[in-house]
Amino acid sequence: QTSDVTPELINELIVKFPPTEDNPDWDLEKAIKFVSNTQNYLFIGYVDGEIAAYTYGYDNDRFDSKKEYFIYEVGTADRFQRQGVMREVFRVMNELLKQEGFVNAWVLADKSNEIANKFYQAVGGKFSGEESIMYDFKID
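Be aware that the sequence shown starts at 3, since it is given in our numbering, and climbs by one per residue.
Hint data in this document are derived by calculation from the structure and do not stem from the laboratory. Where is the CB? At the ideal position from N, CA and C, for every residue including glycine. Don't take every hint at face value.
20 Å max Cα-Cα, derived EDC-like pairs, lysine to aspartate or glutamate [what the hints assert, rightly or not]:
#1 K18 with D29
#2 K128 with D80
#3 K35 with E14
#4 K100 with D63
#5 K100 with E90
#6 K18 with E52
#7 K68 with E102
Listed next, with one range per pair, are the computed distances between beta-carbon atoms [said to hold, decoys possible]:
#8 S130 with I16: 29 to 37 Å
#9 L98 with V49: 17 to 25 Å
#10 A79 with I34: 28 to 36 Å
#11 S67 with S38: 19 to 27 Å
Sequences and hints are given; from them, build the entire structure.
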């Protein structure tokens, strides 16, 4: 869980996974604040002591008693892709979430992202069958 996360670890993660078009503004202070919230989770996969993959998300609070986890982001360093690192991260994540009483985890993926969709199916994700559309709302 995030209790072992230090500012140095977050900084190492930010350096390892630099800003992209999708994530242009990683911010050390915000990341530290995020992981200090007990409803947020950060999972990191290592290969020989080097950060190779990560995923983070949060407890998707609901009005009912169903405890769900929202997988917000997933990333694997290029040189560690297709080596089973993220598969292991997902296995550990699932184990911990089960221990903490979660009954479901979910993630949004673009239909056009074949790599992500194949991965999510390979680790047990089931396509909802829905043709969901996401709407973004600018907060002015």
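Each hint, compared with the structure:
1. K18 with D29: Holds, because 13 Å separates the two Cα atoms, which is no more than 20 Å.
2. K128 with D80: Not OK: K128 and D80 at ~26 Å, beyond 20 Å, violated.
3. K35 with E14: holds (16 Å)
4. K100 with D63: holds (16 Å)
5. K100 with E90: holds (15 Å)
6. K18 with E52: holds (9 Å)
7. K68 with E102: holds (12 Å)
8. S130 with I16: 29 to 37 Å: holds (32 Å)
9. L98 with V49: 17 to 25 Å: holds (20 Å)
10. A79 with I34: 28 to 36 Å: This hint is violated: roughly 21 Å between Cβ atoms.
11. S67 with S38: 19 to 27 Å: holds (26 Å)
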